[in-house]
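Same order as they appear, the protein sequences are chains H and A.
Oh and the first sequence: position 121 is 121 in this note's numbering, straight run, nothing missing.
Oh and the second sequence: position 181 is 181 in this note's numbering, straight run, nothing missing.
One thing to keep in mind: the hints can contain errors.
Identical chains blur together in the list; that is why a pair holds if it fits in one copy or across any two.
Derived BS3-like pairs: lysine-lysine, alpha-carbon spacing no greater than 25 Å straight-line [to be verified]:
#1 K90 - K173
#2 K145 - K90
#3 K105 - K145
#4 K12 - K173
#5 K173 - K145
#6 K173 - K105
It is worth saying that the hints were derived from the structure and are not from the lab.
2 protein chains.
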Amino acid sequence: MFVLSGPSGAGKNTLLNAVLERVPEVDYSVSATTRPSRPGEIHGRNYFFLSPERFRQGVEAGEFLEWTEFCGHYYGTPRRFIDERLAEGKSVIMDVDIQGAAQIKRQLPQVVSVFLLPPSMAVLHQRLLARATEGAEAIRRRLNKALLEVKALTDYDYVVVNEDLDLAVERMKAIISAERHRVGRMDCQRIIDQVTRGNV
Amino acid sequence: MFVLSGPSGAGKNTLLNAVLERVPEVDYSVSATTRPSRPGEIHGRNYFFLSPERFRQGVEAGEFLEWTEFCGHYYGTPRRFIDERLAEGKSVIMDVDIQGAAQIKRQLPQVVSVFLLPPSMAVLHQRLLARATEGAEAIRRRLNKALLEVKALTDYDYVVVNEDLDLAVERMKAIISAERHRVGRMDCQRIIDQVTRGNV
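Using the sequences and the accompanying hints, generate a full structural model.
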C-alpha cells in the first residue's frame, strides 16, 4: 500500500495517471470529497463526490481510514474500497495530504509513503496559475500551505523531485517494484519451498 | 552501498555485469581472493588475485571489511577500494556470501542487501554443470551449500528470483533507484532549501 503526498501543483495527479497506466498491479484509491467536481472529473474514478451530510455520516460510522478538512471541504479515504483491492492481491496507491498520511501511517505502519516535490516554489506557483481553477486568494493559501508541507518530507519513506515527469514516473515505478521485492512483504517460506522443491 | 548474495550459479555475475553496464552511478566492489583465476578473469577487475600470504597479511592489518574461506580459498572485501568509491559519491555493489553479508551488515547497518535466487535447484545444477570449471565433487558441495543458503534469505532486505535475466536486472535497477530516493539517505535539508529558496 502506497501513499503519495505533496503540495497541490507538485504534479501528483499527472504522475499518478502515468503510473497507473504503466503499472497494472497498482490500483488508485479513490478518495471521497465534498468539494465540487472540476471539469472532466468523474464520480467513482477521480473522487467519490459526497454531500457534507453523507460525509459526516461516514466519519461517524468509521468508514474512512483518514479524513481531513481543507478550504472548507472534507476529504477522506474510504476503508472498504482499499480492503477490496488488497484482497485481490493488488497494490493500492493513495493521494493524501500530510495529515492524512500521518494518520494512515499510525494505523498501518507497513504503508510506504512517498513525498512528491515541485522543483521550486516558483514552478509550483506557475502550475497553480496555469490550472486556472482557483482565485488568487485560494492559490496564495495553497502556496503558504506548500511552504509548510515541504518540511514534512522527513516523515516520509521516499522523496521524489518532479522536475521531469518521465523521470518522476520511472522513480515512482522503481519504488513500487522495489517494495514489492522486500523480504518483509514476501512469503519467504513459499519461495524457499518453491526453489528447493524436488531436489537433493 | 549494496550487497548481493546468492548461491553459485544463481546468476550473480551475469546480473552484476548487466546492472553495472546500465546504471552508471554504481561501481562494482572488486573482491580479493586466493583462488586461481578462471579463463577471462582480470586482476583488479573481476578480483584482486592474492597469494595466501598476502591475504593473511591483509586480514591482520584490518584491510578487509569481511573475509571468509570456502573450498580451501580465501575471499575478502578490501575496505579502501569501497571507501574511495563512496567518497566519489558513487554507490558500490558487492558480491559476497551470506556470512560476508552478515559481517558487513553488523558493521554497516545502512547497507542494502539483496538475495538472488535461482528459480529451482534443478536449474542451479544445470548452470553449474554448464560452467564446466569444476569437478563433480566441487559442484556437489556447492549445491549442498546452496540448499542451506536459500534459508538465509529472510535476513536480507530484498529477494529477487532470477528466472529471467532481463526481469532480474530491471528489479535490481528498481531496488538501486528506490534506495537512492529513501528519505533516510538524502540530504533533506538541502532539498528543502532548494525547493523553497527565493520565494514568498
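Alpha-carbon proximity between K105 and K145, which holds within one copy, between copies, both or neither at 25 Å: within (21 Å within a copy, 40 Å between copies)
Copy assignment of K12 with K173, given that the CA separation must stay at most 25 Å: Answer is both: 14 Å inside a copy and 23 Å across each meet the 25 Å cutoff.
Homo-oligomer pair classification [K173, K90; C-alpha up to 25 Å]: both (15 Å within a copy, 22 Å between copies)
Homo-oligomer pair classification [K145, K173; C-alpha up to 25 Å]: neither (27 Å within a copy, 35 Å between copies)
Intra- versus inter-copy proximity for K90 and K145 (alpha-carbon distance at most 25 Å): neither (33 Å within a copy, 35 Å between copies)
Intra- versus inter-copy proximity for K105 and K173 (alpha-carbon distance at most 25 Å): within (21 Å within a copy, 27 Å between copies)
Checked against the numbered hints listed earlier, the structure breaks hints 2, 5; every other hint is satisfied.
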